[in-house]
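Asks: Two chains, two separate frames, one set of hints: put the complex together.
The residues making up each chain are set out below.
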Amino acid sequence: MDKLKQEFTTLTLVLIPVAVAINLAVGQLVIALKLPLYLDSIGTVLVAALVGPWSGALTGVISSVIWTATGWFPQAIAWVGVAAVIGILAAAFKQGGWLDGPVKAGASGLITGIVAAFLSAPIAAYVFGGVTGTGTDVLVAAFSGTFGLDILGANMAQGVVSDPIDKLVTFLIVWALLRSLPVRLQARFSGEE
Amino acid sequence: MTSLTLFRPGKSGLHRLHPLTKLSISGFCLIASITLPDPWMVAGLYFFLMVPLAAWGGMARRFLIACVQFIGPFMLSLFPIQGFFGRGTTILFEIGRFSLKQEGLLLAADYTVRILAGLGAAMLLMFVTRPDHLMQALSERGFPRSLGYIVVTTLQILPRFQEKTQMILNAQRARGLETEGHLLHRARRLLPLVGPLIMGSIIDIDERAIALEARLFNHPGPKTSLHPLVDSRAQRITRSTLSGLIVLLVLWRLLGWLSP
Numbered sequence: 002m003d004k005l006k007q008e009f010t011t012l013t014l015v016l017i018p019v020a021v022a023i024n025l026a027v028g029q030l031v032i033a034l035k036l037p038l039y040l041d042s043i044g045t046v047l048v049a050a051l052v053g054p055w056s057g058a059l060t061g062v063i064s065s066v067i068w069t070a071t072g073w074f075p076q077a078i079a080w081v082g083v084a085a086v087i088g089i090l091a092a093a094f095k096q097g098g099w100l101d102g103p104v105k106a107g108a109s110g111l112i113t114g115i116v117a118a119f120l121s122a123p124i125a126a127y128v129f130g131g132v133t134g135t136g137t138d139v140l141v142a143a144f145s146g147t148f149g150l151d152i153l154g155a156n157m158a159q160g161v162v163s164d165p166i167d168k169l170v171t172f173l174i175v176w177a178l179l180r181s182l183p184v185r186l187q188a189r190f191s192g193e194e
Numbered sequence: 106m107t108s109l110t111l112f113r114p115g116k117s118g119l120h121r122l123h124p125l126t127k128l129s130i131s132g133f134c135l136i137a138s139i140t141l142p143d144p145w146m147v148a149g150l151y152f153f154l155m156v157p158l159a160a161w162g163g164m165a166r167r168f169l170i171a172c173v174q175f176i177g178p179f180m181l182s183l184f185p186i187q188g189f190f191g192r193g194t195t196i197l198f199e200i201g202r203f204s205l206k207q208e209g210l211l212l213a214a215d216y217t218v219r220i221l222a223g224l225g226a227a228m229l230l231m232f233v234t235r236p237d238h239l240m241q242a243l244s245e246r247g248f249p250r251s252l253g254y255i256v257v258t259t260l261q262i263l264p265r266f267q268e269k270t271q272m273i274l275n276a277q278r279a280r281g282l283e284t285e286g287h288l289l290h291r292a293r294r295l296l297p298l299v300g301p302l303i304m305g306s307i308i309d310i311d312e313r314a315i316a317l318e319a320r321l322f323n324h325p326g327p328k329t330s331l332h333p334l335v336d337s338r339a340q341r342i343t344r345s346t347l348s349g350l351i352v353l354l355v356l357w358r359l360l361g362w363l364s365p
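Chains as they are written, first to last, in the numbering used here: chain W, 2 to 194; chain X, 106 to 365.
So that you can see chain X by itself, here it is in the shape it has in the complex (with noise of 0.2 Å):
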């Protein structure tokens, strides 16, 4: 599961917060690159607390490098199309018919530095954040066990159907089957290698069915954990603080747009 998703272990202070606290963090970096009215201050934020956070978790190159390879492919794709297709007056220079506008690139820029900040925020949770001990944190706190379930055992069987893809892949490609060429005979391919991926997966499931419930997974009442999480009246202070925070912003910037 380790190598799967973005976590990474680690001994640092922010690993060991607990789970809902790392949430609340979070949370309120990602309320606050939307509602933040300035990008400036979400690039504050970003630089000044998300940054150094991650370098207290021991991570803030992965976490840099993570955060340039998901803003590259938008970026791309923001400056030409708002640039060009955006609303704006100020015209930078023409190519043709098309016209390059500066308020268009400066949209472009606030919408960078609010996709950085918002989708940095989620991925520095998952980065220091087990996701097990995540679930278990919020089952904890009444939500519903099974959904816990759900995605850890999506997490842990994930790599095993990616190589059970692959061997499909290569089975049928020892067989003749072409994944090149045209695209109407690489469509045509697809069905020989998504039907015995799903079938097979889906005829087991039965047996796995009755191996939970010969264990009492449906058993209603409490349950004891092998890891019980440690918590801190800080970190409990710390999270009504984040949440408060949470509500102010979303509260101001819902005045901000209802009086013009």
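Isolated chain W, as found in the complex (with noise of 0.2 Å):
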């Protein structure tokens, strides 16, 4: 509880919206450069390096809800848990030095993709019947017809082909970032001042 508590200050609480808000605007700038990405979760991870694993996974919850808020993706809350996990995730890499090179840093990303995968993949076929109302439904069919797979088995498949790459850049992107931030401000975050 003090962990929490520790974690909550007011600098925190002032990020999060900053970073859901990241979140949302990369998320819909993919959209405008026409990328095969989702890139929705830079803000989530940038959190959970930042401050730790219960603000990434807050970052995660409350993406989450501005997404079905808003009305621009209302389908967004049913995947709450699994933007939570990638926090958690994150912060996890972060606390064992992975996010301090490149190579380390892509390989989380691919690692946090592929459990994200995972985790997605029964949420789309039990809850909305093997589909998401996106794009990536293509994919799904074409695993499915190719392969002879089952809904589930597709939706895996299609995950585990669009995620890691998707989470890989998220996470160099966060990599990037964090080597250019003033180093005050970092300190000012992990209760270094």
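Source of the hints: derived by calculation from the structure; they are not laboratory data. Cβ atoms here follow ideal geometry from the backbone N, Cα and C, with glycine treated the same way. Incorrect hints may have been included.
To be verified - Have a look at the derived ranges for each label pair, beta carbon to beta carbon:
| hint | chain 1 | residue 1 | chain 2 | residue 2 | range |
| --- | --- | --- | --- | --- | --- |
| 1 | W | K6 | X | G118 | 40 to 46 Å |
| 2 | X | E199 | W | F148 | 16 to 22 Å |
| 3 | X | P157 | W | Q187 | 51 to 57 Å |
Replies: Right, dumping it as structure tokens:
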């Protein structure tokens, strides 16, 4: 409980809305650039790396709530748990020193992506009948049709193809950001002032 | 904030209800759309409870349009995927080695109705409830106040963020950044766009934290509100009834699963 209080300083409470806005704004920017990625968790990973697991998880949760509340992607709320897990994993990688170099940061992204894929697929399969109402549904249909996978399997395959690349790019962007953020600011988050 | 979220102001009785009453109505509809055994019952719930509620709030048209907008893409994927790749033995017709199965289509229809009612319930709540009032009502019931602050602040800074994104995009385009072209080209353009956006916004949060602390943001103890929320005995009874019904629905469904 003390650990929890320690994470949620005023500075963290101010950071989280900015991070959620980053998640949503970059998510929309990616759509504008027509890239086959989501990049909707940069803010989550950044908060997890700067502050810790609980704030990272909370950033993911609030982002899902806002995607729903704005009506931009109402179904996001169903994956709220996955968004939280991404924050917790990112904090764990940071604490293990994995976000210090580009290779390890990329590897952390790949692992996070695989975990996210395996957690997301059952939600798509059982809550929404195997679809998400987005462009990646085409991949689900392709995997089902080409390899004869059942609907859960095809969702897993789609996730394993899309998510690791997405999280790899996300973690590399966060690694680059951490390198360029002022040291003074980073120290304030980790409570080392 | 009002234009960003689904909320539209209004003077209807539904708008004037206590936020928690609306939350429990929405929660009941959501749970019912998952647990009711027959999709026809879910459809009934949607057309005979949720649509009339939206009409009471003066937004039947807006609600129906929003529902069509989100259920459309779902149906577009659900029917082909479940129809062709789901389990089933009743083959309607075949294209090459793929066969369209009746069971798959029925299951897709079942999912469609439940997604429509479930997400519709969440959207109905958003349409008629001010986000800040909902967070205020929750924090009055012991929900951490800082969570309310985070949600409301996010909704307030999002429009500014979108403006900033557009500005950076235009500025980089003016410098000759191509946002069209080959996939890898576009991917490489991401960093000069994302970098300034994130760095710019993180640098000034320090000042905001100091401004909040100077106004005793972290001060413990009760705080008064500028807009007190109105509640009534009838609403409290409605909320308890709905909460009871939610528990019953979940128990009923669990029992159904346990005893085949």
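Asks: Now tell me, hint by hint, if it's right for this structure.
Replies: Structure-based check of each hint:
Checked against the hint of 40 to 46 Å, the pair W:K6 and X:G118 passes, with Cβ atoms roughly 42 Å apart. Judged by the Cβ atoms, the range 16 to 22 Å given for X:E199 and W:F148 holds: they are separated by roughly 19 Å. Between X:P157 and W:Q187 the beta carbons are some 54 Å apart, a value that agrees with the proposed interval 51 to 57 Å.
Consistency note: the structure conflicts with none of the earlier hints.
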